[in-house]
Structure formats: C-alpha cells, structure tokens
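K.L.:
The residues making up each chain are set out below.
2 protein chains.
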Amino acid sequence: MDQAARKPRTRIQIEKRELILEAALEIFAQHGFRGATIDQIADAAGMSKPNLLYYFKSKDDIHRTLIQRLLDTWLAPLREIDDIGDPVTELRSYIRRKLEMARDYPRESRLFANEILQGAPRVLPMLEGELKTLVDEKVEIIRGWMRAGKIARTDPYHLIFAIWATTQHYADFDVQVRAVLGPARDGEGRFEDAARFLEQLFVEGLRVKG
Amino acid sequence: MDQAARKPRTRIQIEKRELILEAALEIFAQHGFRGATIDQIADAAGMSKPNLLYYFKSKDDIHRTLIQRLLDTWLAPLREIDDIGDPVTELRSYIRRKLEMARDYPRESRLFANEILQGAPRVLPMLEGELKTLVDEKVEIIRGWMRAGKIARTDPYHLIFAIWATTQHYADFDVQVRAVLGPARDGEGRFEDAARFLEQLFVEGLRVKG
DNA sequence: GCAATTTTTGACCGATTGGACAAACGTTAG
DNA sequence: CTAACGTTTGTCCAATCGGTCAAAAATTGC
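Top to bottom, those sequences are chains G and Y. Taking the numbering used here, I'd label the letters of the first sequence as residues 1 to 210. Taking the numbering used here, I'd label the letters of the second sequence as residues 1001 to 1210.
Mixed in with the good hints there might be a few duds.
Said to hold, decoys possible - Output of the computed footprint for chain Y on chain G, the stretches with three or more beta carbons under 8 Å from beta carbons of chain Y:
1. 99 to 105
2. 179 to 190
Claimed, not checked - In silico lysine to any residue, SDA-like type, Cα no more than 25 Å apart, as pairs:
3. K59(G) to V1175(Y)
4. K138(G) to R1185(Y)
5. K1209(Y) to M146(G)
6. K1132(Y) to G1085(Y)
7. K1138(Y) to L181(G)
8. K138(G) to R1178(Y)
9. K1132(Y) to R178(G)
10. K1132(Y) to E188(G)
11. K132(G) to D1186(Y)
12. K1150(Y) to V208(G)
13. K1150(Y) to F197(G)
14. K1138(Y) to D186(G)
15. K59(G) to H1031(Y)
16. K1209(Y) to R103(G)
17. K1132(Y) to Q30(G)
18. K209(G) to V1208(Y)
19. K150(G) to G1085(Y)
20. K1150(Y) to A195(G)
21. K1138(Y) to G182(G)
22. K1132(Y) to F191(G)
23. K1059(Y) to T37(G)
24. K1209(Y) to R1147(Y)
25. K132(G) to P1106(Y)
26. K1132(Y) to A1152(Y)
27. K1132(Y) to R103(G)
28. K138(G) to L78(G)
Unchecked claim - Here are some of the chain Y residues that sit facing chain G, going by a computed Cβ distance under 8 Å:
29. A1113
30. A1179
31. E1204
Treat the hints as calculated values from the structure; they're not laboratory data. Don't be surprised by glycine CBs; every beta carbon is placed ideally from N, CA and C.
Please build the complete structure, drawing on both the sequences and the hints.
P.N.:
In structure tokens:
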C-alpha cells in the first residue's frame, strides 16, 4: 500500500519517515529545494531512492512536510510574548530565545530562509494568514507597552523584523560571520558575544528618553 | 573565436554580455545557482542558449562574473566609513546607504544571500581575505569612537553584523515583510518607516550612558 | 562588392533528474 | 507452514540539464 505517505501506521513507517526528514532537512538546508536531489537525501538516510519514495510520494511532499513542521517550532517564541510580565524582560527573553534557536536549529533557519528567498512559493498563504495575524496581535501588545511609557515609541513591526533579522543572521549567514570573526572567538563565545550585544542594542535602543 | 568569453572586443560583445548579466541576475536571484537554468537566462535575455554560450563559456562563468561585480558595489558603503566625521552621523549614513542598497538593488542582495546560504562555495576566500581585512579595519575605527566616549562600548563586529542583517532583511525577506505588513504601507512609505526605525534603534542603542 | 570575421542557430549529446513499476524479500498472524 | 501484508530494490523512463558543433546568417574591413 502507498498509504504510508498519508498516515504512518507501523512502527517502521514512523521511524523511517523520521529518518528521511532528518536527512532531508540537512540536504535541503544546504542546497535549497532545486539544488537537493532525492538521491542525495536517500543516500543520507541510508536507503535507496525507490525505498524513500515508498514513504514520501515526492520530493515536494518531503519538503512540504519539513516546512510545516518547522513553522510550529519556529513561531513558538513569538507566541510566548504576552503583556503580563515586564516589557523589557519580555523582549529580552524573546531575543534570547530566537538567538538560541538560530544556534540550536540552524538548518531549520536556513530551510526557511531558502524558501523565502525563492519567493515563498509554498508558504505565502501562511505568511499572509497565520503569521500576519500572530504578528498583528503581538504588535498590539507592544503598542500597549509604548502607550504605558514602558518602552520608547517606535514602529513595532519593524522592531519585530529587526529581531528576526539580527538573530537569524547568525544561522543563515553563519559562514560569513565565521569568516569575518576568524578562527578565534569560535564556538560558545561567539554566541554569548552576540547575545550580549543584541541585548544592549535593543534594551538601550528602546529605553524611554527622560 | 571564443575569445568573447575572455575579453570583450566588439561593441556587440559588450552590449550582449551586459544584456545576459542583467537577465542572469534576475534569474539567479530568484532561483539560486542550481535552480536557475541556462535556458531560462537565455530566454530572459532574448537569445538562444548556444548564442548565450558564445558570450559566456559556462553557467558558472556567468555566476562568477555577477558575484565579482556585486562585491565591488556591495562593499562600497562600508569602505566609505572613516573617522574624520562625527561617529553618530557616520554610522547613521552608513545605515541609510545600506538600506538604500537593499531598496535599489534587491536582486544583488538576494544573489549574495543565496551564495552565502549555500556555504559560500565561490566567495569564501574573499570573505576570509578581503572582507575580513576591511571589517577589521573599520572595527578599529569604531573602537576608537568608543574609547573617545563618542558611542557606547560594545562589540563592533556584532554591531556591523546587526546593521547588515537589519538592512539586507528588507531585500532578502521582502516577500515576508510585505506579507506581514499587508497591502497598506507599501512602496516608499515602508522604506521611510524602516529607515526611521533603524536610525532610532542604532542611535539610541549606542548612546553613551550618562 | 567581396572576402574575412563575427554572430546566431538548429540539431544533437551524454549525464542527471524525479518518479514508476513489478518483482523480490521480510515479517507476522493464524 | 503459509498466506497476507509490509518493505526493499533493480530496472526502466521521459524530461530536463549543461554544453558542443558545424553550418547558416549577419556584419565588418577593404
């Protein structure tokens, strides 16, 4: 049965699908959708191409599944923002969480970056729907903070864009960051430096002038 | 003669090579290196594939030429930073110039982003050489400003990364930005909003605490 | 106007691609 | 043991890819 692609039933199907997705994430993140080949993915997953196509009905199917999974975890930090805590603390921990995700899930970040760069052919509806709704919601919270004089008045949309851009930069442009910083200051130190800098930039940048 | 690929000699060669590069920039920026096909580029340039290959000896040759051109103009704003002017003014105009480039040359930005995302296979030596040297140089200037108490003390490398990330974001993630902001606030207004926000963020974020 | 040179094209090639398929193999419930 | 079902693979295919080549067409120098 080719039902495998629709709903996993057996233990093997669940395991193998997971194995394929893990391999595909690596390949897609590195080469983009068109740059990746089914053979590469199958090879990385340790199985033959027809075997892989037994679990996913097409290359597009794999990619779509990955993107869908990614979005849930990717937007989690943003969802967590609420207006019950201290605004500065709230923003600070959002930045830190996003930076941690760039460090811990760079492949997911690059997969997403690739998709957006190509014009978001597979996720545009989600961007205009779910994502926009979520951002609009958080923008209102941030506006509340500004009205209350907790943070400086500025454009909340561009604030969110700036946080996304600066944090994801460390995953998407990792090669460039590493090349510029050089072999010294590698590993954990780089992450802490970035965290410290971004924290200062956004906290001071949003401090209310008095 | 296939010398066309090496050194343009005639008027037609100069014009046609320019036409091809213009078309290729569009295609490469949208689909990445592997995603783009010679046929697509030839079609966009209004000529046949063999004709295109008369002017460039391979797909890689076109791409390499584009990247090489890009880098000169891309790094120009950074080169312009010097320590004779007022630090805040200097940084502010650097940010504005970078943002203008993201607005006026989004295809170049995406071409570069694609290259870096794929691991910078064609420009890694340049990143580790020329770019690193240039950044190191400007970092020293920024450090001087900090020592002189003109701007707050922080990591100059990550400051530069943050400026790159936030400005290029508007070119590379344009689809996402547009989707989130919606049809209103399109066009020139978006650029001015972004400019105003980034200016505030970096100027206030780097203000010396008194 | 004509010959040399440059430019353009149609036809073609081998390699790679995503995917189909049936046969073989493994597993498991009765 | 065996029939039914799940898994794996070798083989094949049509489409597309980057690139070649020789010959036709256009241009240029004289």
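K.L.:
Confirm or reject each hint.
P.N.:
Structure-based check of all given hints:
1. For the region 99 to 105 of chain G, the stated coverage by chain Y is not satisfied: 0 residues place a CB nearer than 8 Å to a CB of that chain, which falls below the threshold of 3.
2. Counting residues of the region 179 to 190 of chain G whose C-beta sits closer than 8 Å to any C-beta of chain Y gives 4, which meets the bar of three, so the coverage hint holds.
3. For the given pair, K59(G) sits about 24 Å from V1175(Y) by alpha-carbon distance, which is consistent with the 25 Å threshold.
4. Annotation: proposed proximity of K138(G) to R1185(Y) holds, straight-line Cα distance about 18 Å (limit 25 Å).
5. Straight-line distance between C-alpha atoms of K1209(Y) and M146(G) comes to about 21 Å, which keeps the hinted pair within the 25 Å bound.
6. For the suggested pair K1132(Y) and G1085(Y), the alpha carbons sit about 23 Å apart, so the restraint of at most 25 Å is met.
7. This hinted pair checks out: K1138(Y) and L181(G) have alpha carbons roughly 13 Å apart, not beyond 25 Å.
8. Restraint check: the Cα-Cα separation between K138(G) and R1178(Y) comes to about 17 Å, which is no more than 25 Å; the hinted pair holds.
9. For the suggested pair K1132(Y) and R178(G), the alpha carbons sit about 10 Å apart, so the restraint of at most 25 Å is met.
10. At roughly 21 Å between alpha-carbon atoms, K1132(Y) and E188(G) fall within 25 Å of each other, so this suggested pair holds.
11. The straight-line distance between the Cα atoms of K132(G) and D1186(Y) is roughly 15 Å, inside the 25 Å bound, and the hint therefore holds.
12. For the suggested pair K1150(Y) and V208(G), the alpha carbons sit about 20 Å apart, so the restraint of at most 25 Å is met.
13. Using a Cα cut-off of 25 Å, the hinted pair K1150(Y) and F197(G) holds, with the two alpha carbons roughly 17 Å apart.
14. Among the hinted pairs, K1138(Y) with D186(G) is consistent with the structure: their alpha-carbon atoms are about 21 Å apart, no more than 25 Å.
15. Between K59(G) and H1031(Y) the CA atoms are separated by roughly 17 Å; this keeps the pair inside 25 Å, and the hint holds.
16. For the hint pairing K1209(Y) with R103(G), the CA-to-CA distance comes to about 31 Å; that exceeds 25 Å, so the pair is violated.
17. For the given pair, K1132(Y) sits about 23 Å from Q30(G) by alpha-carbon distance, which is consistent with the 25 Å threshold.
18. Restraint check for K209(G) and V1208(Y): the C-alpha separation of about 13 Å stays at or below 25 Å, so the hint holds.
19. For the given pair, K150(G) sits about 34 Å from G1085(Y) by alpha-carbon distance, which is inconsistent with the 25 Å threshold.
20. Taken as a hint, the K1150(Y) and A195(G) pair is honoured in the structure, with Cα atoms around 23 Å apart against an allowance of 25 Å.
21. With a CA separation close to 15 Å, the supplied pair K1138(Y) and G182(G) stays within the 25 Å bound.
22. This hinted pair checks out: K1132(Y) and F191(G) have alpha carbons roughly 19 Å apart, not beyond 25 Å.
23. Proposed proximity of K1059(Y) and T37(G) is supported: the alpha carbons are some 19 Å apart, at most 25 Å.
24. With a C-alpha separation of about 14 Å, the suggested pair K1209(Y) and R1147(Y) falls inside the 25 Å cut-off, and the hint holds.
25. For a cut-off of 25 Å, the pair hint linking K132(G) to P1106(Y) stands: about 23 Å separates their Cα positions.
26. The straight-line distance between the Cα atoms of K1132(Y) and A1152(Y) is roughly 23 Å, inside the 25 Å bound, and the hint therefore holds.
27. Distance check on the hinted pair: K1132(Y) and R103(G) sit about 22 Å apart at the alpha-carbon level, within 25 Å; holds.
28. Proposed proximity of K138(G) and L78(G) is supported: the alpha carbons are some 8 Å apart, at most 25 Å.
29. Interface hint status for A1113(Y): upheld, as the beta-carbon distance to the closest one in chain G is roughly 6 Å, under 8 Å.
30. Among the interface hints, the one on A1179(Y) holds; its C-beta lies about 4 Å from the nearest C-beta in chain G, closer than the 8 Å criterion.
31. Contact between E1204(Y) and chain G, as hinted, is supported at the beta carbon level, the nearest pair being about 5 Å apart and thus within 8 Å.
In summary, the numbered hints that this structure violates are 1, 16 and 19.
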